[in-house]
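There are 2 protein chains.
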Amino acid sequence: MEKKLIEKAKKEGRKALTEAEAKQVLRRYGIPVVEESVAADPEEAVRQAHQYGFPVVLKGLGTRLTHKTERGLVRLNLRNKRDVLAAAKAIARSAGEDLEGYLIQPMIRGRREFVAGLFCDPQFGPIVMFGLGGIFTEALGDVVFRLTPLDEAEAGRMIDEIRSSKLLDAFRGDSPARREDIVRTLVGLSRLAEEVADITEVDINPLVIGADGRVTAVDALIIIGDRPAGKTAHHPVDPRELEKIFYPRSIALIGASPQIGKWGNMLFSNVLAGGYRGEVYPVNPKGGEIAGRKVYRNVMEIPGEVDLGVVTIPAAHVPALIPEFKAKGIRHMLLITSGFGELGGEGRQAETDLVKAAAEAGVTILGPNTMGICNPHAKFFCIGTSCWPQPGPVGLVSQSGNMGIQLLDFAEAEGIGIRAFCGSGNEAMITIEDYLRTFEVDDITKTVVLYVESTKDGRRFYSTARQVSRKKPVVVLKGGRTAAGSRAAASHTGAMASNIRIFNAACRQAGVVLADQPMDLLDLSAAFSSLPLPRGKRVAIMTLGGGWGVVATDVCVEMGLEVPHLTPDVIARIDGILPPYWSRENPVDLVGEFEPSLPGKILEALIAWDECDAVIHLGVVGRTRMVLKSLDAARASGQAIEQVFYDEGRKLYDGAEEEFFAFSARMMEKYGKPVLGVFLDDEKSKTVREVEGSPYKGIAFLTPERAVKTLARMVDYEEWLRKENARSVDGA
Amino acid sequence: MEKKLIEKAKKEGRKALTEAEAKQVLRRYGIPVVEESVAADPEEAVRQAHQYGFPVVLKGLGTRLTHKTERGLVRLNLRNKRDVLAAAKAIARSAGEDLEGYLIQPMIRGRREFVAGLFCDPQFGPIVMFGLGGIFTEALGDVVFRLTPLDEAEAGRMIDEIRSSKLLDAFRGDSPARREDIVRTLVGLSRLAEEVADITEVDINPLVIGADGRVTAVDALIIIGDRPAGKTAHHPVDPRELEKIFYPRSIALIGASPQIGKWGNMLFSNVLAGGYRGEVYPVNPKGGEIAGRKVYRNVMEIPGEVDLGVVTIPAAHVPALIPEFKAKGIRHMLLITSGFGELGGEGRQAETDLVKAAAEAGVTILGPNTMGICNPHAKFFCIGTSCWPQPGPVGLVSQSGNMGIQLLDFAEAEGIGIRAFCGSGNEAMITIEDYLRTFEVDDITKTVVLYVESTKDGRRFYSTARQVSRKKPVVVLKGGRTAAGSRAAASHTGAMASNIRIFNAACRQAGVVLADQPMDLLDLSAAFSSLPLPRGKRVAIMTLGGGWGVVATDVCVEMGLEVPHLTPDVIARIDGILPPYWSRENPVDLVGEFEPSLPGKILEALIAWDECDAVIHLGVVGRTRMVLKSLDAARASGQAIEQVFYDEGRKLYDGAEEEFFAFSARMMEKYGKPVLGVFLDDEKSKTVREVEGSPYKGIAFLTPERAVKTLARMVDYEEWLRKENARSVDGA
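Protein chains in written order, with my numbering: chain A, 13 to 744; chain B, 13 to 744.
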């Protein structure tokens, strides 16, 4: 039926269905559309009004009638026959020859107006919107988005997510909104998007909630046409094949140079300095030697097999390498060289041509315009920065080179182990989704971290990220969040759908953990790779002092976590540990007790507590320096402090710290709850502390807000994961 | 007139004025109240309706009639005589014996409903509210507050501050709201609060904006009664007198102890280790010696004069010290001891008694329950942590000891100079406002930083902070933001006024710079004390690479700053500095150029640019380590790198960094614009770099978001300062 209506409209050169047609379509998709009927003349309208019961609404009908409200073609709240006749007269006068009849509806009353809609994003495809409607849609922007298809649970989450969701509860004498009707509307829009490809936008505004809670679509607009096609061609890459690039048995450096500062030298230095054990073949037409190694004039001269060709020669000379790679049997090219697609125009064409030739020759290209890759597990550091992060579980991909440099440098300094890193460059052939899939199937990777500026195919990014998120957390920082995202759109829904809103919606739906800033990426990698997931949002806090606990509690609550009151059982337990004047409150204040075994005891009492899902400790780690400084002060004041005091102090607290981390790890294993720490001072210690023999690690941050923010994101991910798993079990 | 109405209502035992009375009062204060009149019976109501013109509104009138809407006593949109009579009948039925007459009004139509109100906060006194009204007030919470008195400019800022202020512009065919009427309403409420003390709450909900932009108060509620009196007695302290406490010529340590770890030992150690040059007299009834110094049995035994008595003995023994202090002529007591007001009950009484006795004896008490004070300018470190921050311009007060410890420790590590620090403890006598005034008149102090959990007199805090903010920035972190802040209130206004909302409103109005977390306090201290204020929000960014610039731009825009496009003049200038392929965009990418003199040249081009108010540079500082690491890598790869390369590298970049900071300072002097940096890596360098001979300093943060956030707060403060000065000039 809807297809016929659309064909008819298209034949008539229209870009939208009439209001009556639109409602007919929506009704078929289970959306609670207001009852209505068409009347040919005023008298028929009056007859129908009597059937609905007064008051009624009368509208002018006609395929050429748009902007009805502004043109006075919508007459509300008509209470009797006289009102209807007068309204019909006014409408006829205003519409003139365009009038084809009247639409008559019962008057739907409701103080609560919402909006629902559909929009097709060039990157992410069909998107369903829900939010506060009426005059508030644009003014307040309280709307949420979801990619189709949408199940009922997801629709329910949309409803909960808007700021004004309180309006849907019982409200000033009005009944709660019939939630199932809203869910039906959103799921219906999703089905419509999936089944009718010619529909590009839908607006239901307002979706009125009556005093009795009934939900009614009072007005509807359906825009028809061709959906935008924003996707680019994709060369499928086998994740297992890509994995091999990170474990080359031998590499050729095409463009190797003895000149310090040049890329061709820097990569050579870094690969060797990093301890790479495979063969390294420098290649340069000039020949000669670099650091005592023979330089080959071209790849054909190389005696052995080559797994990976690393290319730093100018862009113009790169195409000629493809047949050489083919001849030599080099199947992978790491293309550092810039001057391709990022220049636009000719550069873009050169990139397309290169990719085509490479695909035909069976050569996979990583890049171009990349800062390189590294795999600390193989001591393979083929990157444009002298940085040697330790091997570990974090898979890292960056679309920006200098962001990659900084992240690796911070990771090294904070003790965050890297599984592999890749600067993905222009992603001419291997895209961010390919890396995602590679890290998905790699058993060493526990957490995937991405810095993303753009995606080539939003839908593909979404579905890949969702698939990976089911197995391990995917943490994303989006660069260019605030870039102008305006677009042409005929509907409210379209106008509200900025690029970053859609990107964020896709990420949330896919379970992706969104970071606000670069430092978050590191904190989240450390935590996700080192700790069990919290199973709820209740936090127990242990602190060395009051103000700090207060601040940590503030941040917890502001981030949506809970800091529950202590219950009698846990109070009784801590009564046996702390002196009688302790506060009996969460945060638990160690009341200045510096006895090294104390924090462990309190930690166990808290983590064992049924109403706690995670423990944050403040100031327990990093006390060594404080104690030693105080001994220094005593000595400087003329008191006789023997060296043994320093040594004992250091041993006591350093040992106690290690012991505390080991104990935390055991507690995490025993109770399956995460423990996060905050340093007492800025001793600049490493964030992550390995604990031998444990799947978990100790972690401590420089400030309470970083610990809390990290935990809050873990809670979100766990919640998503639980729902996603339930969904899979339901077969949805 | 209003006083008579209130007296009448009180006499009748009412807690509110009738709607008609309330509107009468509001009209006298210039608030655009809907026309209305009282009718004794339905017939009179019909006559009046004819005068106003239909449609009209009819309401039941009676001193005992409340919750009118819910009881069906409000009938809207009556279009003719028949409607009015039917409505009057229905109202009479529903009101029963409580009906005293009818209120009749023209029907005011408007899709845009706002709310305005008045509330008396126990801490901060009368508060005016403005926000989104109708059914959205509680559901969306889009309201702002201001302390009275309120001038027109401040009222205008309230209007701009709500999220839904767009609704006041021309909107979907409706005219812009008459802003002057809203201003008049808010200023009128403020005057009412100032002039009529018996009014405790006012609600104007809705304040309707008509399609023609007219503003009308359609409904009004005035609650009467006694205003809450939350203030506690205050002992005035002369700021110059308080200043002396930070420069004692001699101190007595009452409770001095040889036992390491005790407060009586720690303070002794820290004072001497800090290099204090005045006399230190240990006092302890046991006598003997500590570290070779004679211990006096009581203060009377001390041979010389004592400026400050530092007390660590148990609370029970403290009162006995007052007569001794008086006899010995010790005028100031730093009371470290806890066990007073913070315990409540008897402790509170003991504190009150102690303060009374001290006041009578002419002794000023700082504390009790404090971690101490320090003044690095006098090498006086009488604090419970072994920490020696350098002398500088930041005055720091903390209501929490461990927050103070952490802040001092971070300040020391980051090179942030401290003017003086005080743990203010229970503030029994000297309150946070006294410290504010002391730092106000102190010429060395450039920035005042406070950690506040509660105020004893909110109004006093507000007026003092506002006074100080006119001279120097006051930076505040509020602890306990999320503590339950519910309270009994009869109005919407009261219900919306949580403690933290009022505190934040007071701070914003007073020009206080609000910090979100402890680290912000340090960043803001560093920046405010080291840089000129920006005169606008346009930021030029210089970066070593793309992704970083993207992220910094995102954070700028999210924090309300602007990153303008480069204009031809500045492009032409940079064309002469960077290679031809530079991006010609802001952020300016140094395109990997490592030449040491380059950043200075770009910096000058940007800071001289008319459309830039501040410069942020990313990655220029901290390159030394990168260069040296890359030399290391080259050597490790077997290349012959001579030591002179390292030495040159270090000299080149270390020297270049110092030179760059010095140059930045000269640029800041020349152009009066701030320059903020971000390190390339986490070399853990100091945030603040002194520049000899300049009033300004170099600063660099660990991450872009910290630099941007800091700059955004500086912009806010400068804007406040400009308006505040304009206000003073106007004599407002």
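No lab work stands behind these hints, which were simulated from the structure alone. Cβ atoms here follow ideal geometry from the backbone N, Cα and C, with glycine treated the same way. Worth double-checking, as some hints may not be accurate.
Keeping only pairs whose Cα atoms sit at most 25 angstroms apart, straight-line, the calculated DSS-like set for lysine-lysine is [to be verified]:
#1 Lys-178/A <-> Lys-391/B
#2 Lys-641/B <-> Lys-391/A
#3 Lys-641/B <-> Lys-274/A
#4 Lys-468/A <-> Lys-368/A
#5 Lys-663/A <-> Lys-274/B
#6 Lys-735/B <-> Lys-483/B
#7 Lys-613/B <-> Lys-274/A
#8 Lys-178/A <-> Lys-178/B
#9 Lys-93/A <-> Lys-22/A
#10 Lys-93/A <-> Lys-274/B
#11 Lys-391/B <-> Lys-641/A
#12 Lys-698/B <-> Lys-698/A
#13 Lys-80/A <-> Lys-256/A
#14 Lys-274/B <-> Lys-641/A
#15 Lys-698/A <-> Lys-641/B
#16 Lys-274/A <-> Lys-663/B
#17 Lys-256/A <-> Lys-298/A
#18 Lys-613/A <-> Lys-274/B
#19 Lys-338/B <-> Lys-368/B
#20 Lys-641/A <-> Lys-80/B
#21 Lys-178/B <-> Lys-735/B
Per the computed footprint, the stretches of chain A lying under chain B, defined by three or more beta-carbons under 8 angstroms from a beta-carbon of chain B, are [unchecked claim]:
#22 43-53
#23 150-160
#24 293-304
#25 449-459
#26 529-542
Status of each hint after checking the structure:
1. Lys-178/A <-> Lys-391/B: Violated, at roughly 57 angstroms.
2. Lys-641/B <-> Lys-391/A: Roughly 17 angstroms between the alpha carbons, so the hint for Lys-641/B and Lys-391/A holds.
3. Lys-641/B <-> Lys-274/A: Judged against 25 angstroms, a Cα distance of about 15 angstroms means the pair holds.
4. Lys-468/A <-> Lys-368/A: 17 angstroms, holds
5. Lys-663/A <-> Lys-274/B: 21 angstroms, holds
6. Lys-735/B <-> Lys-483/B: With Cα atoms ~14 angstroms apart, Lys-735/B and Lys-483/B stay inside 25 angstroms; holds.
7. Lys-613/B <-> Lys-274/A: Between Lys-613/B and Lys-274/A the Cα gap is close to 24 angstroms, so the pair holds against 25 angstroms.
8. Lys-178/A <-> Lys-178/B: 22 angstroms, holds
9. Lys-93/A <-> Lys-22/A: Roughly 37 angstroms separates the two Cα atoms, so the pair is violated.
10. Lys-93/A <-> Lys-274/B: The hint is violated at about 92 angstroms.
11. Lys-391/B <-> Lys-641/A: Status holds; Cα separation ~17 angstroms.
12. Lys-698/B <-> Lys-698/A: 18 angstroms, holds
13. Lys-80/A <-> Lys-256/A: 63 angstroms, violated
14. Lys-274/B <-> Lys-641/A: With a Cα-Cα distance of about 15 angstroms, the restraint between Lys-274/B and Lys-641/A holds, given a limit of 25 angstroms.
15. Lys-698/A <-> Lys-641/B: 20 angstroms, holds
16. Lys-274/A <-> Lys-663/B: 21 angstroms, holds
17. Lys-256/A <-> Lys-298/A: 30 angstroms, violated
18. Lys-613/A <-> Lys-274/B: 24 angstroms, holds
19. Lys-338/B <-> Lys-368/B: This hinted pair holds, its Cα atoms lying about 14 angstroms apart.
20. Lys-641/A <-> Lys-80/B: 69 angstroms, violated
21. Lys-178/B <-> Lys-735/B: Holds - the C-alpha atoms of Lys-735/B and Lys-178/B are around 23 angstroms apart, at most 25 angstroms.
22. 43-53: violated (count 0)
23. 150-160: Contact hint for the segment 150-160 of chain A vs chain B: holds, 4 residues under 8 angstroms.
24. 293-304: Since 3 is at least three, the answer is holds.
25. 449-459: violated (count 0)
26. 529-542: holds (count 3)
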